[in-house]
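Input sequences plus hints: build the corresponding full structure.
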Amino acid sequence: MNSGDTAWVLASAALVFLMTPGLAFFYGGMVRRKNVLNMLMMNFATICVVAVMWVLYGYSLSFSTDAGGGLIGGLSKIGLAGTLNATSGTLPEMAFVAFQAMFAIITPALISGAVADRMKFGAWIAFVVVWETLVYFPIAHWVFFFDDGKGGWLGDRIGALDFAGGTAIHLNAGVAALALVLVIGKRRGWPKEPMRPHNLPLVLLGAGMLWFGWFGFNAGSAVAANGQAAVAFVNTLVATSAAALGWIIVERLRDGHSTTLGIASGAVTGLVAITPACASVNPVGAIILGVLAGALCAYAVGWKYKLGFDDSLDVVGVHGVGGAAGALLIGFLATASVTGILDKGDGPSGLFFGGGFAQLGKQAIGVAAVAAYSFVVTWLIAKVLDKIMGLRVDDETESVGLDQAVHAESGYELGAVSGGGFGQVIRRVEVGAGAGTPAGTAAGTDGKEDGQR
Amino acid sequence: MKLITAIVKPFKLDDVKAALEAFGVAGLTVTEASGYGRQRGHTEVYRGAEYQVDLVPKVRIEVLCDDADTEDLIDVIVKAAQTARIGDGKVWAVPVDTVVRVRTGERGVDAL
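From first to last, the protein sequence lines stand for chains A and B. Every letter in the first sequence is one number past the one before it in this note's numbering, and letter 250, counting from 1, is 250. Every letter in the second sequence is one number past the one before it in this note's numbering, and letter 54, counting from 1, is 54.
Just so you know, these hints were derived from the structure itself, not from any lab. Think of the CB as a built atom: it goes at the ideal place given N, C-alpha and C, for glycine as much as any other residue. Among the hints, a few may not be true.
Selected chain A positions facing chain B (in silico; Cβ < 10 Å) [claimed, not checked]:
| # | residue |
| --- | --- |
| 1 | PRO191 |
| 2 | GLU251 |
| 3 | ASP255 |
| 4 | HIS257 |
| 5 | ALA298 |
| 6 | VAL301 |
Far from chain B, some chain A residues (derived; all Cβ distances over 12 Å) [unchecked claim]:
| # | residue |
| --- | --- |
| 7 | THR6 |
| 8 | ALA45 |
| 9 | GLY347 |
In structure tokens, the structure reads:
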């Protein structure tokens, strides 16, 4: 075991964890004011549900000895059996369990943006449980499980490169988002009614948290504190910057203004696109990859209006298109000096660096396989859940807003009339007889009195 | 007596207030308002989707005055609020029957 590697992977796991709350704010700022809490809630609940699933059986399905064909793991590590004192490479296996848990958490969370403003909260939780089990755990096994050629079929057997999850996570979530919105349908009033972001500072805050956490996501995926991690780190900085610039340049030329939503969206697109490629391209290649992905996705987010599917916050246009672009661009831009950085430079190369079409072909197989499986299975899951429990809230809930109708809260207290100044406490939770505080005596201490003057 | 209502650009509020004070107006009411005139709002762009935003933020200033001062006060406000560009707002005056100062119960011109 190596203490440096262990420390870096544990720190990276915490960084990746922060991405999901960051995503919650990135998405939360983009929805309308009446649905901000529901969006935050979907993300926070996803953290809690998936963390429990991961320990119970998720890790086993993704990362225990292959059950056949590189398609899925077995049940030998149910409840993390046998992992407490085991090692995985140069780490305690438990550090790897923690790191990969964060990836399992953020992937379904990414999908939440597509169904914003209209999905039943209970149906979302059910979707997360079933989708993780049938889609994420198998695909994580395909892409991330290495066992000397007996691991997952995409990563370990055919050699499709996906360093940190461009296909397994972003393309997967983007395609699943498309399937889910096709089943759940458009929001009331879309695309005629304006549905603009209610809090852009929150969007930028969330994008910043995502970027910060993403250094753990990409550089941590080296699963070691080494030169590969450092290259991934620099690429994560520079590809993201280039993509954000690409996006706002397109905006300036096409729409006349560079926007904060554009720079945040471009940054996230760059992060998505460099994810699979961060240990395959050199930093100059990362700039090219970033600017291409940023410019491409600035257009891709408009496709939903032409094709008529309501992907509320552009999960398809950013994560689906960006993830596929990053994975395919490896086939053009990979350089042996980076892919082989740990073996003194004899890794595979892309088309532009003398590698021919071999790597591009493998990348295409990875993209096609993940996209096809994710789309079909997600669509089936959505159809079945819709039959059993219904995916959508009723029309009244949708128009009042999910914060009030589903969670009985409101996100902001802005005016004296609608805010906390008026009204009174009508019920409190009382523990045991006589232990609760009578509503009247507490009124002066919780700010009610000011409003009643 | 008259009630003068002025809808002006928010950044002109301080100028109007200063001009009214210089004229000798003792009190006024300011409200944040939104609306549109010939200006017809403005457009905003989010991820390439362009939205027409009809309502533009404005400030509504209300001043009570004696009949004799009405035209002068309107001139003072217009002069202070004018940028000569679209969206400068409107000023109007309407007759007022009764005014009472709540603290003392004074009525009419004495309450101004």
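Quick rundown of the hints versus the structure:
1. Proximity of A:PRO191 to chain B holds as hinted, the smallest CB-CB distance being about 8 Å (cut-off 10 Å).
2. Interface restraint check: A:GLU251 against chain B, minimum CB-CB distance 7 Å, threshold 10 Å, status holds.
3. Satisfaction of the interface hint for A:ASP255 is found here, the shortest Cβ-Cβ separation to chain B being roughly 5 Å, below the 10 Å cut-off.
4. Because the smallest distance between the Cβ of A:HIS257 and any Cβ of chain B comes to about 6 Å, under 10 Å, the interface hint for this residue holds.
5. At its closest, the beta carbon of A:ALA298 sits 7 Å from a beta carbon of chain B; the interface hint therefore holds under the 10 Å criterion.
6. With a least beta-carbon distance of about 5 Å to chain B, the hint placing A:VAL301 at the interface is held under the 10 Å criterion.
7. For A:THR6, the requirement that its beta carbon stay farther than 12 Å from each beta carbon of chain B is met, with the minimum near 41 Å.
8. Interface exclusion of A:ALA45 from chain B stands, the closest Cβ pair being 26 Å apart, more than 12 Å.
9. Even its closest Cβ contact with chain B, about 37 Å, leaves A:GLY347 beyond 12 Å, as expected for a residue assigned away from the interface.
Comparing the model with each earlier hint shows no violations; every hint is respected.
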